[in-house]
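Just so you know, the protein sequences line up as chains A and B, in that order. Last residue of the first sequence: 134 (my numbering), numbering continuous. Last residue of the second sequence: 541 (my numbering), numbering continuous.
By construction, these hints were calculated from the structure, which means they are not laboratory data. Careful: at least some of the hints might be erroneous.
Unchecked claim - Okay, the calculated beta carbon distance ranges per label pair:
#1 Asn34(A) to Gly385(B): 39 to 45 Å
#2 Lys134(A) to Phe522(B): 53 to 59 Å
#3 Asp282(B) to Pro50(A): 33 to 39 Å
#4 Lys474(B) to Glu14(A): 37 to 43 Å
#5 Glu61(A) to Thr364(B): 42 to 48 Å
#6 Arg190(B) to Lys134(A): 53 to 59 Å
#7 Lys270(B) to Asp127(A): 37 to 43 Å
What the hints assert, rightly or not - With a Cα cut of at most 20 Å, we get these calculated EDC-like pairs of lysine to aspartate or glutamate:
#8 Lys209(B) to Glu373(B)
#9 Lys540(B) to Asp23(A)
#10 Lys530(B) to Asp20(A)
#11 Lys24(A) to Asp155(B)
#12 Lys448(B) to Asp162(B)
Each residue gets a CB set at the ideal place from its N, CA and C atoms; glycine is no exception.
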Amino acid sequence: MKTIDQTQQEIVEEFSMFSDWMDKYEYIIDMGKNLEQLPDDFKKDEFLIPGCQSRVWLVPEFRDDKVFFKTDSDAIITKGIACLIVRIFNGRTKEEISKSKLFFIEKIGLVQNLSPTRANGLASMVDKIYRYVK
Amino acid sequence: MIDNLNKIRNDFPILKTKVYDKPLVFLDSAASSQKPDCVINAVADFYKRHNANIHRGVYFLSQKATALYEETRVKVQQFINAKYSHEIIFTRGTTEGINLVASSFGDLLSDGDEVIISEMEHHANIVPWQLLQKRKKIVIKVIPITSDFQLDIAAYKKLINQRTKLVSVTHISNTLGTINPIQLIIDIAHANNIPVLIDAAQSIHHKAIDVQKLDVDFLVFSGHKMYAETGIGILYGKEDLLNKMPPYQGGGDMIKDVTFEQTTFAELPQKFEAGTTNYSGAISLKVAIEYIEKIGLDKIACYEGKLQDYAIAKLRKMPDIQLYTTSKFNKTSVISFNIKGIHHEDIGTMLDKMGIAVRTGGHCTYPLMKKLGVTGTVRASFVLYNTFAEIDFFVKSLQRVVNMLKN
Ligand SMILES: Cc1ncc(COP(=O)(O)O)c(C=O)c1O
Numbered sequence: 001m002k003t004i005d006q007t008q009q010e011i012v013e014e015f016s017m018f019s020d021w022m023d024k025y026e027y028i029i030d031m032g033k034n035l036e037q038l039p040d041d042f043k044k045d046e047f048l049i050p051g052c053q054s055r056v057w058l059v060p061e062f063r064d065d066k067v068f069f070k071t072d073s074d075a076i077i078t079k080g081i082a083c084l085i086v087r088i089f090n091g092r093t094k095e096e097i098s099k100s101k102l103f104f105i106e107k108i109g110l111v112q113n114l115s116p117t118r119a120n121g122l123a124s125m126v127d128k129i130y131r132y133v134k
Numbered sequence: 135m136i137d138n139l140n141k142i143r144n145d146f147p148i149l150k151t152k153v154y155d156k157p158l159v160f161l162d163s164a165a166s167s168q169k170p171d172c173v174i175n176a177v178a179d180f181y182k183r184h185n186a187n188i189h190r191g192v193y194f195l196s197q198k199a200t201a202l203y204e205e206t207r208v209k210v211q212q213f214i215n216a217k218y219s220h221e222i223i224f225t226r227g228t229t230e231g232i233n234l235v236a237s238s239f240g241d242l243l244s245d246g247d248e249v250i251i252s253e254m255e256h257h258a259n260i261v262p263w264q265l266l267q268k269r270k271k272i273v274i275k276v277i278p279i280t281s282d283f284q285l286d287i288a289a290y291k292k293l294i295n296q297r298t299k300l301v302s303v304t305h306i307s308n309t310l311g312t313i314n315p316i317q318l319i320i321d322i323a324h325a326n327n328i329p330v331l332i333d334a335a336q337s338i339h340h341k342a343i344d345v346q347k348l349d350v351d352f353l354v355f356s357g358h359k360m361y362a363e364t365g366i367g368i369l370y371g372k373e374d375l376l377n378k379m380p381p382y383q384g385g386g387d388m389i390k391d392v393t394f395e396q397t398t399f400a401e402l403p404q405k406f407e408a409g410t411t412n413y414s415g416a417i418s419l420k421v422a423i424e425y426i427e428k429i430g431l432d433k434i435a436c437y438e439g440k441l442q443d444y445a446i447a448k449l450r451k452m453p454d455i456q457l458y459t460t461s462k463f464n465k466t467s468v469i470s471f472n473i474k475g476i477h478h479e480d481i482g483t484m485l486d487k488m489g490i491a492v493r494t495g496g497h498c499t500y501p502l503m504k505k506l507g508v509t510g511t512v513r514a515s516f517v518l519y520n521t522f523a524e525i526d527f528f529v530k531s532l533q534r535v536v537n538m539l540k541n
């Protein structure tokens, strides 16, 4: 299995194939569309990420020391971004996550290009993951 | 039609900005308008040549600054045709104006008194009354909207009773664009001796308002939506009402005499202008009003009306669109919509990448969103510097975005 940093680097490379922002977003949108829907029972307030204009749920689950996430959102772009985050953190141990630093967001330029409301949402999604593994 | 449209666009330097290397298409003036050169220059000029605290100094600069500030008061008085200039109170904006009335006029209310608002109010005309409820047991009654996005006037009449002490409604909905029949609303209230507050945040730069003809009791609006600086706004109130109301905030400028035992308050308008006010903002407001007057409110409304009709006609042709706009003629160029199956935020994010600035979300009208059964809408608003070509580009881009986002 790749490390967190390797997965991040992989994502950065995937995005570097697109020169145009519309193409980058098309890629995010496709990821969002392909993500399995979260069953309604999981769409509870306790799994809701604060600070987003759209609703985003992030459901953690611990299996054999490792944490797995399910996610969903009513906005497709948010869902696509959540997918990326989940892809990086899924199947990691608490130690791996708490020691990690996220660099892919900046590297693919998501932060300066996302609306601040979404950037805030992104920050609180990441924040929530770090808090789960504390 | 506004003559020399190109010239009007040239007045707003920000419209030449590029975002993501694409020309900016600014369709969010209902949130805050852009500023013309004359306003920007007036503020710069003030700081370069006249800046000093007002009402405080005997020296030249302070007196000059005071004169400019007071000239704005008179300009606003003329603009809305108030009887006296001391009925014009400078505030921070619409929000502060309503909070002032809710607090000070609210002081005159008793437990059990009722205030009528409407279902299409901005939070600025909801929350101040709820805060008042923490001090007084007043009752808030809400005029519902019809399925055609109008105020239900029959229901409004039924809400009025002996305990109604104020009607506080918006002139134009910042979400629906509906223009409410404020003369009728005022006449109905006055027939029952009830004063009326009108939130003119969305209308002051769009329709001529004559407070004496309307006989409105309070009128509030913000400078930043009418091409002036942010942080300045106006509360108009009838002299006798303002005189009856206690001061809102205490501090410098609003007093006659202060001792530790007792303080007496200044006369209107200073009574409601505690502390150092936003005088550079006030000065920008005068220039903004002159700018509007130079073009002419009639011409502006006519042109914005054409933009609105053009945009609505084009949007209606889009598949799966839900427009939250009345079928009647009483509306402005503020257009809210959703596309079935697509989140409003996704549309806003993608349009942004094409250089188009629209607003998404609840537009500070959450109760209205609840009524519409949505979490938000996309809102595009058009003012005098927008063009038909921008609408074409907007609709074309929207179509492209929808195709990308559609499942
Ligand atoms: C109808 C209406 N009322 C009140 C406000 C609040 O104005 P401000 O934020 O300038 O105080 C707005 C602005 O968004 C508005 O559109």
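Here's how the hints hold up against the structure:
In this structure the hint that asparagine 34(A) and glycine 385(B) lie 39 to 45 Å apart at CB is violated, the actual value being about 60 Å. Remark: the range hint 53 to 59 Å for lysine 134(A) to phenylalanine 522(B) is upheld by a beta-carbon distance near 56 Å. At about 36 Å, the beta-carbon gap between aspartate 282(B) and proline 50(A) stays in the expected band of 33 to 39 Å. Between lysine 474(B) and glutamate 14(A) the CB atoms are about 31 Å apart, so this pair departs from the stated range of 37 to 43 Å.
Against the hinted window of 42 to 48 Å, the Cβ-Cβ separation of glutamate 61(A) and threonine 364(B) comes to about 47 Å, which satisfies the hint. At roughly 54 Å, the beta carbons of arginine 190(B) and lysine 134(A) sit within the given window of 53 to 59 Å. Under the hint 37 to 43 Å, the C-beta atoms of lysine 270(B) and aspartate 127(A), about 41 Å apart, fit the expected range. With a C-alpha separation of about 18 Å, the suggested pairing of lysine 209(B) with glutamate 373(B) holds against the 20 Å cut-off.
Of the pairs offered as hints, the one joining lysine 540(B) and aspartate 23(A) holds, with about 16 Å between alpha carbons and a cut-off of 20 Å not exceeded. Only pairs whose Cα atoms come within 20 Å are accepted, and lysine 530(B) paired with aspartate 20(A) is accepted, the gap being roughly 19 Å. With a C-alpha separation of about 16 Å, the suggested pairing of lysine 24(A) with aspartate 155(B) holds against the 20 Å cut-off. A hinted pair counts as satisfied when its Cα atoms are at most 20 Å apart, and lysine 448(B) with aspartate 162(B) qualifies at roughly 18 Å.
Checked against the numbered hints listed earlier, the structure breaks hints 1, 4; every other hint is satisfied.
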